[in-house]
Amino acid sequence: MALKTEPFVLNIGPVHPSTHGVFRMRATLDGEVIIDMEPVFGYLHRGIEKLAEERTYTGVIPLTDRLDYLASMSNNLAYVLAVEKLAGIPVPERAEYLRVILAELQRIASHLIAVGAFLNDCGAFFTPFLYMFREREKIVDLFEMVSGQRLLYNYMRIGGFTQDIPDEFLPALDKFVRQMPGFIDEYDRLLAENEILLARAKGVGILPKELAINICASGPVLRGSGVNWDIRKVDPYSIYDRFEFDIPTGSAGDCYDRYRVRVQEMRQSLRIIEQAMKQLPSGAVRSEVPHLIHPPTGEAYAHIEAPKGELGFYLVSDNSIAPYRCHIRAPSLMNLTALREMMLGWKIQDAIIIFGSIDITMGEVDR
Amino acid sequence: MTLALSGQEVVAKLEQQFPGSVIESSENNLLVKSESIFDVAEYLKSSPELDFDYLNYIAAVDYYDYFELVYQFTSMKHNHSLVLKTRCYDRENPAVPSVVRLWRGADFQEREIYDLMGISFEGHPNLKRIVLWQGFEGHPLRKDYL
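Line order of the protein sequences matches chains A and B. Offset between the first sequence (1-based) and the numbering used here: plus 388. Offset between the second sequence (1-based) and the numbering used here: plus 10.
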């Protein structure tokens, strides 16, 4: 006698370790296989775009920290670039170099969490995660030196920085840059050819190239699918056109490729930091900026290659001291668009790592 | 460097294809009628010399008299971009055609605009609130929402 079966709806999340925040997957299952999935979010919606309309241009910077809270420096950078574009504010050379150094350190820190959490999802319970946190700690220490904060840095300002870096920063950075390649080699020895990781991640959760472009994916998700598109190269902002670095890409667009792209990007970031350290000029870190900024009426869009992808701010000014409108183009949100297609036909345990391989932060998805 | 195309560069081609659809073209953008946004976007995407295959973002702005929708497209092949705008004067039931069929990436963005700004997108396959809960009253990003 045939067994009578019926689809089963399972809510994964919102509060669950594998959802990297408060995200809910409403999965319809046939046995263990996912036959339908609907992402549900908004649990962390704080209305940052609305709040920004009530604050001065400088007062919005702490809000941007709380978007992708694992990459606050990058968020600061994207926002101040947009305001500088809107108001035509110059940035001193030294500040430009420091911005590049800090943004690339932030990329490494964010990718370390992405890779660590991804391996956690694969079932390597907290061992790789702790290795990654060991190095991230050093970056957080560096950020603490410059900003006094360990998570939400609020360090960049329109026209530069709050203050110059302390004397002990560069020696510590130099030590980190010399040590870090050895640590990445260590991860590769442990993980790159690891049989379990290959079995779990190779060929799983494929995002084809055409679909990746069509869903406006960006960052490692787009490049993992084999699209050579990095805003640092195709539309250089700040002073990225002065550095030599490569853009790692995947080919299959599976979870493993997204993981590999992140690991290789860390090496490229180190290359950029090394070059920027050598060229770092002395001088002021902030240009003369009025206390309250009144950008001329108009609009500006500035985007950067944040760790998770294209992070952009679309600002509208009505010549007052607060933005008339502040729209945030959040990479994590767009990268989730194809999640359903990537998961269909895979089992629950694969769905967890497919989701983990996209690397989202809910602060940015919900805003 | 991504080349930002000016509205004037693109307007001649559009006028040929869709006479009367363009309201205004300026240095930085192109303003088209809201009812022709889908046709214009489809042309921008399929025309080989423009080839806008990537949608950077959709933003909605409330100017009290009208809502403005801002689309920025990029062509990965030619590495150029264009800002397209449209306006919606109806405050009670604002609606514009959806571009989800062209760029799937518009899906969540249009839902978010529907949720927070209250603009409907005709032809969107799953238009419902995305960050606020079903049954929430009002649209917080509107300027008259306090």
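These are calculated hints, taken from the structure and not from any lab test. Using N, Cα and C, we set each Cβ at its ideal position, and we do this for glycine too. It is possible that some hints are incorrect.
[As the list claims (entries may be wrong)] Here are some of the chain B residues that sit facing chain A, going by a computed Cβ distance under 7 Å:
1) A14
2) E59
3) L65
4) Y67
5) A69
6) N89
7) H90
8) R111
9) W113
10) L137
11) V141
12) F146
13) E147
14) L151
[Unchecked claim] Heads up, simulated DSS-like pairs for lysine-lysine below, C-alpha to C-alpha not over 30 Å straight-line:
15) A:K526 / A:K735
16) B:K43 / A:K473
17) A:K621 / B:K153
18) B:K153 / A:K597
19) A:K563 / A:K621
20) B:K43 / B:K153
21) B:K87 / B:K55
22) A:K597 / A:K735
23) B:K43 / A:K621
24) B:K23 / B:K55
25) A:K621 / A:K526
26) B:K138 / B:K43
27) A:K597 / B:K55
28) A:K563 / A:K597
29) B:K138 / A:K438
30) B:K138 / A:K597
31) B:K87 / B:K153
32) B:K43 / B:K23
33) A:K473 / A:K735
34) A:K438 / B:K87
35) A:K590 / A:K563
36) A:K392 / A:K666
37) A:K590 / B:K87
38) A:K438 / B:K43
39) B:K138 / A:K473
40) A:K590 / A:K735
Outcome of the hint check:
no.: 1; hint: A14; verdict: violated (9 Å)
no.: 2; hint: E59; verdict: violated (18 Å)
no.: 3; hint: L65; verdict: holds (5 Å)
no.: 4; hint: Y67; verdict: holds (4 Å)
no.: 5; hint: A69; verdict: holds (4 Å)
no.: 6; hint: N89; verdict: holds (6 Å)
no.: 7; hint: H90; verdict: violated (10 Å)
no.: 8; hint: R111; verdict: violated (10 Å)
no.: 9; hint: W113; verdict: holds (6 Å)
no.: 10; hint: L137; verdict: violated (14 Å)
no.: 11; hint: V141; verdict: holds (4 Å)
no.: 12; hint: F146; verdict: violated (10 Å)
no.: 13; hint: E147; verdict: violated (15 Å)
no.: 14; hint: L151; verdict: holds (6 Å)
no.: 15; hint: A:K526 / A:K735; verdict: violated (37 Å)
no.: 16; hint: B:K43 / A:K473; verdict: holds (28 Å)
no.: 17; hint: A:K621 / B:K153; verdict: violated (38 Å)
no.: 18; hint: B:K153 / A:K597; verdict: violated (39 Å)
no.: 19; hint: A:K563 / A:K621; verdict: holds (28 Å)
no.: 20; hint: B:K43 / B:K153; verdict: holds (23 Å)
no.: 21; hint: B:K87 / B:K55; verdict: holds (12 Å)
no.: 22; hint: A:K597 / A:K735; verdict: holds (23 Å)
no.: 23; hint: B:K43 / A:K621; verdict: violated (35 Å)
no.: 24; hint: B:K23 / B:K55; verdict: holds (13 Å)
no.: 25; hint: A:K621 / A:K526; verdict: holds (28 Å)
no.: 26; hint: B:K138 / B:K43; verdict: holds (25 Å)
no.: 27; hint: A:K597 / B:K55; verdict: holds (17 Å)
no.: 28; hint: A:K563 / A:K597; verdict: violated (39 Å)
no.: 29; hint: B:K138 / A:K438; verdict: holds (20 Å)
no.: 30; hint: B:K138 / A:K597; verdict: holds (28 Å)
no.: 31; hint: B:K87 / B:K153; verdict: violated (39 Å)
no.: 32; hint: B:K43 / B:K23; verdict: holds (16 Å)
no.: 33; hint: A:K473 / A:K735; verdict: violated (47 Å)
no.: 34; hint: A:K438 / B:K87; verdict: violated (36 Å)
no.: 35; hint: A:K590 / A:K563; verdict: violated (35 Å)
no.: 36; hint: A:K392 / A:K666; verdict: violated (69 Å)
no.: 37; hint: A:K590 / B:K87; verdict: holds (29 Å)
no.: 38; hint: A:K438 / B:K43; verdict: holds (27 Å)
no.: 39; hint: B:K138 / A:K473; verdict: violated (35 Å)
no.: 40; hint: A:K590 / A:K735; verdict: holds (15 Å)
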